[in-house]
Amino acid sequence: MSAPASRDRWLAAGLPRRYAIAWLVLLLVAIAVHLARGALPALATYPEPWFLPLRFWVSDLMKWLVNDFDLGLFTFQEMTRSIAWLLEWPLRAAQSLFAEGFSRGIGRDAEEIVPRIPWIALIVACALMGLSARGRGLAALVAGALLYLAVFGQWDSAMVTLASIVIAVPLGAGAGLLLGIAGFRSVRLERVLVPLLDLMQTVPIFAYLVPVLFLFGFGPVAAMVATIIYATPPMVRVTMLALRQVPADVVEFGRMAGCSRRQLLWKVLVPSARPSLMVGINQVIMLSLNMVIIASMIGAGGLGYDVLTSLKRLRIGDGVEAGLAITLLAIALDRLSQAFANRPPRAHRDTTPPFFRRHPFLIAATALLAVSWMAGSVLPGVQDYPETLEISTAQMWSDLIKWINVNFYDHLEAVKTWLLFHLLIPVKRFLTTVPWIAVVAAVAIAGHRLGGWRLAALTGSLALFMAVTGNWEKSMITVYLCGVSVLVASLIGIPVGIWAARNERVHRVVQVVIDTLQTLPSFVYLIPVVMLFRVGDFSAMIAVVAYAVAPAVRYTAHGLRQVPAQLIEAATAAGCTRRQTLWKVQFPIALPEIMLGINQTIMLALSMLVITALVGTRDLGQEVYIALTKADTGRGIVAGLCVAFIAIISDRLISAWVRRKKRELGLE
Amino acid sequence: MKTCAKSLATAVLAAAALAVPPAVAAVESEDPIKLTIHDWTGQYITTNIMGAVLEEMGYNVEYVQADYIAQFAGLEAGDLHVAMEMWETTGKDAMEASLATGKTVDLGETGMVAIEEWWYPMYMKEKCPGLPDWNALNECAEAFATPETHPKGRYLGGPVTWGGYDDERADALGLDYEVVHAGTDAALFAELESAMQREAPILLWIYTPHWAPIKYEGEWVDFPRYTDECYKDPSWGMNPDKAYDCGKPRGWIKKVGWKDGEAKWPKAYQAVRNFTISNQEMGEMVGQVDLDGRSVDEVVADWMTANKDRWMAWTM
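Here the protein sequences line up with chains P and U, keeping their order.
Counted from 1, the first sequence has number 649 at position 649 by my numbering; the numbering is strictly sequential.
Counted from 1, the second sequence has number 79 at position 79 by my numbering; the numbering is strictly sequential.
Treat the hints as calculated values from the structure; they're not laboratory data.
Ideal Cβ placement from N, Cα and C applies to all residues, glycine included.
Be careful, since some hints might not be right.
Said to hold, decoys possible - Per label pair, the in silico range of CB-to-CB distance:
id: 1; chain 1: U; residue 1: 304; chain 2: P; residue 2: 69; range: 45 to 51 Å
id: 2; chain 1: U; residue 1: 287; chain 2: P; residue 2: 414; range: 35 to 41 Å
id: 3; chain 1: U; residue 1: 222; chain 2: P; residue 2: 407; range: 33 to 39 Å
id: 4; chain 1: U; residue 1: 266; chain 2: P; residue 2: 362; range: 51 to 57 Å
Work out the full structure, taking the sequences as your base and the hints as a guide.
Next comes the structure, spelled out in structure tokens:
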């Protein structure tokens, strides 16, 4: 390409010269400040006396809420405790149904009235659900996943987990639906809601675990509340979006038919938006399962607890088996809910067939349950999977890690050392020495460039918050760790995504791999990673990359597949080779979509911080973790907000860039 | 709403109380005593022994999984009742802060002594014959080095939350070592396991009672003995300008409980206070579980039969 042409494109892309000047000035100022750090230390490192004691205010507020806040008839804590008390009933009922059986009395005097659902009944019932929602394939998948739980001895714990999911998901989805409807109806409420949702999704859960414990008591209910806070936001977002997307003529038709506002909502809008709403429910399920490990730290028990304890005792194999059980449970629930979401709507019939014809599966399942419940009292093998038939691969996993460790450690060490010295350490040095004021200015300029003054004000002030609350260095280490991880994840994810977009078989394999990586609790691979790479930033990076690579792959593949076929045909007609078509046509057009994937990768990387704190990083995640172990509410929340702000800054900048790019490409 | 919920609760409780037949032995309250369980085997065993004893006394017992430090929120609120192991070395600050609220109560020592110190596997002695004397550490710094820390040695400390003053110790004693902090207990022992598999150099924070020093052969570094002055008074010890020029303190392991539980289950609390066990016994039981693969229930049941007189005495 000739020089003038490229300059034209440069200008067309809208980079006015003043931005180039702004960046240059900023660079010079940064260097000057850095050199003059002896004379002007306040500009290089934010001075301690200027710290805002925000975290103490938050802690005091919390103390006041817990101890003194009186709502008149009752105190705030009494209110939250009553809510906890109310939530405990359904949770306990579900626990009894799936895990423990119903019994009367407490402790040793307890006698069982009705046993829990027999394992056979549950497997067949779920398989029937699969059959009715889609077909034999799904039924086999669901049955296989549940059978794994029984055969590998994970049944008891899995049922505890399932019981809490069964209660948490409807609560989360219901609350999300109502909030979403409210946001749909009132624009003002939506404006309040959206930033709140951002915070709920990005503030690390450890940050608000302590207040939740104080307010809701110690145990499964608190764990459930934390799960709901984390898992509800996508439902709210999806609801608002889905209701807005209902075609106008459908709404018009409802109006003409004389629907009241309420009828219009529940009889017209919500049913038409059902497929999208189901996607939201699906998200709630997946996120709730992501929370299983953390919930087990505050008394939820179940599979998460098994993963945690076996890994803490270095029973790697047991940890892997329990972790896979979570994955399989997640995949089974995910596929089932997706199948229900995509089920073709049944044609309306004039005559309603009799009940048993309409619901053959429901009746079969109920009958089966009754029969197996009765059979279970005679044949123990029907009630509980016989222990003698359980198998375990635990030893194999431990041996595998040992084998890799003994035979390949030196090679791995060499790779690691190279990356440390050539990538990680230089980036870390750079980010921790850049003057804070230069970083804040850079973020603001980028905001102005992509979204004008409003975005500049937002990103600049969020960055300033990190300095003002005294979390600057830790924030920069966070940016470094996430930045490097996102870079590596993109370098892996984008090529894999391209490959998957061009080859259907690869696509299917990749799908399974990334689904597993996303639902397998990261703790499962964190400990083997530490064994092979030792404690430190490198191990943290691997864990982050493993978790965060999925969206990079997914969005790349999706973006490339969405490129209109005519364009590719045109390119082929113009004599482009396959490679040229990819790089000159498909890739540029898919770039906005790919960037959205990178954006998601950043979000996931940030959400992994709390886990990487467990391998000894010194970032905001560690700060949140320390606050948790010291039960210091304010410290945790302020550090958590810093994480959220990093996420919001990058999200807003990338989204602004994507919007602009799409407009330029004529995609919107 | 409050009164409504409360009266409803009372009604339900009253109905439940009517339905429950009286227990074998008369105890002050049928409500389950909630004992907290953490994630290390020793604590699991102590708690299960205590739980078994309380059940023998006729109490109802419930085990609740809880984080070692986060549990104080539950103990203060009465959601949890007894925690069996609070270590002076790692939990003292949190425990004192909690006791100061007046909502928890110190239930005395368990009789076990916590030891924490720098530790190395036996095979490192060949590479560094001067050990366990701490003066030998500097001569062997390179033997303990990794590419990132070279030429300094690498010492893997506990999670930052454990405290322990290892950075200060290395500085005060002039050790050519870089202190790296593991984020959790699990990461600490993962590195140990990995090094042991390869017989690779490692120097790290180990504590006992724990399975690691039972499973693996190794020794603690011999630092100048800890005294209170060493931590407080810089002039004490070999470095006249700095504190922490000595080893780590050894400490008690205590039981902690919810204050109001004392009035609710007085005899049970007395039994908890009476509970004692030795490092030796605990080490053996932990070994049986973690190394021989026996279940905690079996090990606890064995202990209960073998030591009937002892625990009977606690219940008096």
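Legend entry - Pairwise beta carbon distance, residue 304(U) to residue 69(P), judged against the given window 45 to 51 Å: With a Cβ separation near 47 Å, residue 304(U) and residue 69(P) satisfy 45 to 51 Å, so the hint holds.
Inset, instruction - Mind checking the hinted window 35 to 41 Å against the Cβ distance between residue 287(U) and residue 414(P)? - result: holds (37 Å)
Inset, instruction - Confirm or reject the claim that residue 222(U) and residue 407(P) have a C-beta distance inside 33 to 39 Å. - result: holds (35 Å)
Inset, instruction - Hint says 51 to 57 Å; check whether the CB-CB distance for residue 266(U) and residue 362(P) agrees. - result: Hint holds: Cβ distance 54 Å, inside 51 to 57 Å.
The structure fails none of the hints (numbered hints given earlier).
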